[in-house]
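**Student:** Sequence:
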Amino acid sequence: EIVLKAREAGLAGATVLRGVMGFGRHSLIHTTKILRLSEDMPMVVEVVDSLEKIEAFLPVLDELITEGLVTVERVKVIHYRG
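Residue numbers are given in the working numbering: position 14 of the sequence shown equals residue 14, and the series is strictly consecutive.
There may be inaccurate statements among the hints.
What follows is a set of in silico ranges between Cβ atoms, one per label pair, in the way DEER data are often shown [unchecked claim]:
#, residue 1, residue 2, range
1, E67, L4, 16 to 26 Å
2, S50, H30, 32 to 42 Å
3, L64, G19, 29 to 39 Å
Below, simulated SDA-like cross-link-like pairs (lysine to any residue); rule was C-alpha separation at most 25 Å, straight line [unchecked claim]:
#, residue 1, residue 2
4, K5, A56
5, K53, V75
6, K5, P59
7, K5, T66
For the record, the hints were derived by calculation from the structure and aren't laboratory data.
A virtual CB, placed ideally from N, CA and C, is assigned to each residue, including glycine.
Full structure from sequences and hints, please.
**Tutor:** Here it is as structure tokens:
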């Protein structure tokens with residue numbers, strides 16, 4: 001739903017990355033099983049745009065996210081075109 005809301009907000013892009021192994025605050029290792037993705041696997045949603053547009057989108061995340069982390073990072077974008 002975050003990706004859909006980011007698109008509706010006109011942000012430059014969004015990608016969902018799903019982990020195959022990870023652990024959280026309780027240090028329990030979670031892994032995927034063959035032919036099945038575990039419900040509690042780590043997930044990263046990256047949304048890219050200017051700082052101003054990302055900051056304007058943060059209240060939307062407040063409504064959508066009940067548990068997790070949000071980080072705002074400055075990045076250098078290098079765009080290759082074929």
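**Student:** Now look at each hint and say whether the structure bears it out.
**Tutor:** A quick look at each hint next to the structure:
1. Range check, E67 to L4: Cβ separation about 19 Å, and the 16 to 26 Å hint holds.
2. Our hint of 32 to 42 Å for S50 and H30 holds, since their Cβ atoms are close to 34 Å apart.
3. Checked against the hint of 29 to 39 Å, the pair L64 and G19 fails, with Cβ atoms roughly 19 Å apart.
4. Of the pairs offered as hints, the one joining K5 and A56 holds, with about 12 Å between alpha carbons and a cut-off of 25 Å not exceeded.
5. With a C-alpha separation of about 15 Å, the suggested pair K53 and V75 falls inside the 25 Å cut-off, and the hint holds.
6. Distance restraint check for K5 and P59: the Cα-Cα separation of roughly 11 Å lies within the 25 Å cut-off, and the hinted pair is therefore satisfied.
7. About 16 Å separates the Cα atoms of K5 and T66, which keeps this hinted pair within 25 Å; it holds.
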